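J.: Kindly produce the complete structure, drawing on both the sequences and the hints.
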Amino acid sequence: MSIAPVPRADRFGVGDLLAEATADIGARPGRLLMTLAGTVLGIGALVATAGFSQTASGQIARQFDAVAATQIVVKPATAATAGGRSVATTKLPWDAVDRLERLAGVEAASLLTRVDREKGTITAVSVTDPSAPVTVPPPLYAASGELLQTVGGHLVTGRSFDEGHDARHDRVALLGAHAAESLGVTRIDTQPSIFVDGISYAVVGVFDEVERSGELLDGVIVPTGSARADFALSAPGDVRARIAVGAGPLLRAQVPLAIAPDDPGSIEVGAPAARSDLSSSVQSDLGVVFFVLGLIVLLAGGLGIANVTMLSVMERVGEIGLRRALGATRRQIGGQFVVESVVIGLLGGLIGSSVGVFAVVALSIAQGWTPVLDPLVAVGGALLGALVGLGAGGIPSRRAARIEPVVALRGA
Amino acid sequence: MTAAAAVIELHEVTRSFPGPPEVQALRGVNLRVNEGDYVSIVGPSGSGKSTLLNILGLLDRPTVGAYVLAGEDTGALTEDERAAVRARKLGFVFQSFHLMPRRTVLENVSLPMLYSGAPRAEREPRAREALHRVGLSHRVDFRPGVLSGGERQRVAVARAVVTRPRVLLADEPTGNLDRHITGEIMTLFEELNADGLTLIVITHDQHVADRARRTIRIADGRMQELT
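So the sequence lines, in the order shown, correspond to chains Y and A. Counted the way the numbering used here counts, the first sequence spans residues 1 to 412. Counted the way the numbering used here counts, the second sequence spans residues 1 to 227.
Because the hints were derived from the structure by calculation, they are not lab data. Among the hints, erroneous ones may be present.
Claimed, not checked - A partial selection of chain Y residues facing chain A, derived with a Cβ cut-off under 10 Å:
id, residue
1, Pro5
2, Val6
3, Ala23
4, Asp24
5, Phe291
6, Glu319
7, Leu322
8, Arg323
9, Leu326
10, Gln332
11, Gly334
12, Glu404
Treat the numbers as computed from the prediction; the structure is a model and nothing was measured. Note that CB positions come from ideal geometry on N, CA and C, so glycine has one too.
T.: This is how it looks when you write it as structure tokens:
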């Protein structure tokens, strides 16, 4: 049969398809809401899960950054001896601080060495009182001038020693708050001295509230130069540095080369994990259960859409027969129901995404956190809804396309 | 009307439904309907008249035999081509109207033009013109639910003629209407036929059948020309 082709503009086009498919979506608002519920819940759960884990890992990373992520500790590598003890395989250079401070990302650095003395004493008075009970003296540390900046300590009174004291081997000491208490040093305007193995050291300051290396509060700290002169310090114990946020991975690679260019493998750097490592591990821990739950709910939502679309096809057999009699092809009928189901899915996805975003924002406000959510997750949630609709519409629309107009028109 | 062109020709059409038992709804039917004819088909229920209408409307295929519509054999057409022929050469009027309850009268009448490929800009004027022709210009924005039975069937007729079909097929168009309204619809059909539209009406109402110029009786799948 000769059928003149219809101009493209007058054919049953995408616009017509959309108009016909969406015209009856709102026909039964109650049923539409029930249909949407599953998709809304599923998409909402997925988006909220993604948002919660991003927010939480952002939050944890921030807390982590604030203290530990900004510090590195550089030590010589250790090797186990035959006796089971571990010994350092190399010595840090005395100018390690200068070498570190040349690196970008290092904000402050300091040597810190525990000074071991066999039976040393540290007292505030030079008198030896045989009747006094034996006490354990506070630990003695040797450090360079920038120690307090590096560990974030706050001076309660007095001042810190500096590079000048270090270079001149001045006998000055800085006391941690607990050590000051046990030694009975409460003020420094009286120019108190302490006696370390009988050698008099002038107390120049007392500090408190260190952000890291809390053990220093119990200690007595003297300049490295003085310790080398008076206690024959053989090598620095470690180098601590305060670093910029995010500089950890780079410094972990650079520091060994800066300290020991000839044998970088002999240097161990305790650098904090980078933010990205941390985020991913937190996300995978936190998200898996909710993600699976969301998928299950979404599956139920898809089945709901399939069910209702099937019901709608069965109810509209007469309409389908009419459309076929009026000249609609099978494809046009099938397309109409697929699009209807995709639009319902998209609608559910949009609402679900919004619900998820609002849930993340609400939780963040309640917890005082900063909400973090990749916008792609929200957009993807809506699209996923449409995809669920597409899958759900498959069987009902095929059923609709197979309806014979003769049967449909006879029945109604 | 001299030597009018045939618009519909059935040659030895048989339609059987596979059993068991096999039922032959139509047996060797020959029919020629000319341009501008007004034919009524009568017969008891189960006689095969609906099967005949379905075949004429390209909703069903004959098991044996040929159906030539507007000079061309329909046997070779694909499913989509048959849909296109339905959209552009045939109009249907059903006993139960088959109007879409949530669309306005104008939208219902415009529906077939979606599939027939009528030029987009002409669709609304043509729908309004068709409604004017059936005397329903004042009901354009109503929904079918608030119309009377006669008005609904007029809407259905307007929908059937809006695509300017070659043949209008009516299946018991007055089956749900009372005698007075039936008369109105038949008058409308006669007006349309006078304008040149070919009409085939299936009915079991003898009064309706008598108003057609030709009447064909079908009994037990066989056809008999009465007038």
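J.: All the hints need checking, so say for each whether the structure fits it.
T.: Hints, one by one, checked against the model:
1. Pro5: holds (9 Å)
2. Val6: Since chain A brings a Cβ to about 3 Å from Val6 of chain Y, closer than 10 Å, the hint holds.
3. Ala23: holds (7 Å)
4. Asp24: It holds, given that the least Cβ distance between Asp24 of chain Y and chain A is near 6 Å, below 10 Å.
5. Phe291: violated (40 Å)
6. Glu319: Since the shortest Cβ distance to chain A is 6 Å, the answer is holds.
7. Leu322: Holds, because the Cβ-Cβ distance from Leu322 of chain Y to chain A comes to roughly 5 Å (cut-off 10 Å).
8. Arg323: Holds. Min distance 7 Å.
9. Leu326: holds (4 Å)
10. Gln332: holds (7 Å)
11. Gly334: violated (13 Å)
12. Glu404: Check passed: Cβ of Glu404 of chain Y comes within 8 Å of chain A, closer than 10 Å.
Hints 5, 11 from the earlier list are contradicted by this structure; the remaining hints agree with it.
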